[in-house]
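Let the hints inform the model, and build the full structure from the sequences given.
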Amino acid sequence: MLIGELAARAGTTTRALRYYEEQDLLESDRTTAGYRLYEPGAVRRVRNIRELLSCGLTVEDVKSLLAYLDADLPEVLSYSPLCADGYGVGVQRVAQLEERIAILTELRDSLVRRMPWLAAPDGTADEQAA
1 MLIGELAARA GTTTRALRYY EEQDLLESDR TTAGYRLYEP GAVRRVRNIR ELLSCGLTVE
61 DVKSLLAYLD ADLPEVLSYS PLCADGYGVG VQRVAQLEER IAILTELRDS LVRRMPWLAA
121 PDGTADEQAA
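For the sequence shown, counting from 1, position 67 maps to 67 in UniProt numbering; every step adds exactly one.
Hints were generated in silico from the structure; no laboratory data involved. Idealized CB from N, CA, C, for every residue including glycine. Among the hints, a few may not be true.
Unchecked claim - Restraint-style ranges between C-beta atoms, simulated for each label pair:
hint : residue 1 : residue 2 : range
1    : Ala67     : Thr14     : 23 to 33 Å
2    : Glu39     : Leu107    : 38 to 48 Å
3    : Gln96     : Arg50     : 30 to 40 Å
4    : Ala120    : Glu99     : 45 to 55 Å
5    : Val59     : Leu107    : 18 to 28 Å
6    : Ala95     : Tyr68     : 43 to 53 Å
To be verified - In silico lysine to any residue, SDA-like type, Cα no more than 25 Å apart, as pairs:
hint : residue 1 : residue 2
7    : Lys63     : Leu73
8    : Lys63     : Arg36
9    : Lys63     : Ala33
Encoded structure:
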């Protein structure tokens, strides 16, 4: 299938597909005219890439999980010692997210201490600010 059809089937853009190729997450053949040509399994791969990216993984993280991209991703990934390297990526990403959450929580708390009306539980922050 051509790039436009893959984009439509996978729910993404042709620009994203070209980016995934640049990042070695996706492969294509070329027609004699130079158009990208994808195998039918590319739809699943692109959907899996998008799902993993939407979970907070980076493109580099997804690269380390290439072996898993061509099958349906389970709703819950059970732990297996055989996949420990791949899971390490998840552990690292969760730690980074927790650090970012802590920093953002600290910033929010600091702002609310200075402007306590921002934390109004009944949604009257706008009225109190006026």
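Status of the hints after comparison with the structure:
At about 26 Å, the CB distance of Ala67 to Thr14 agrees with the hint of 23 to 33 Å. About 46 Å separates the C-beta atoms of Glu39 and Leu107, a value consistent with the hinted range of 38 to 48 Å. Hint check: Gln96 to Arg50, Cβ distance near 20 Å, so the stated range 30 to 40 Å is violated. Ala120 and Glu99 have their C-beta atoms about 29 Å apart, which leaves the hinted 45 to 55 Å range violated.
The hint said 18 to 28 Å for the Cβ distance between Val59 and Leu107, and at roughly 27 Å that hint holds. Between Ala95 and Tyr68, the C-beta spacing of about 21 Å breaks the proposed range 43 to 53 Å. Between Lys63 and Leu73, the direct Cα distance comes to roughly 15 Å. Compliance with the 25 Å bound is thereby established for this hinted pair. Using a Cα cut-off of 25 Å, the hinted pair Lys63 and Arg36 holds, with the two alpha carbons roughly 21 Å apart.
At most 25 Å may separate the alpha-carbon atoms for a hinted pair to count; Lys63 and Ala33 exceed this at roughly 30 Å.
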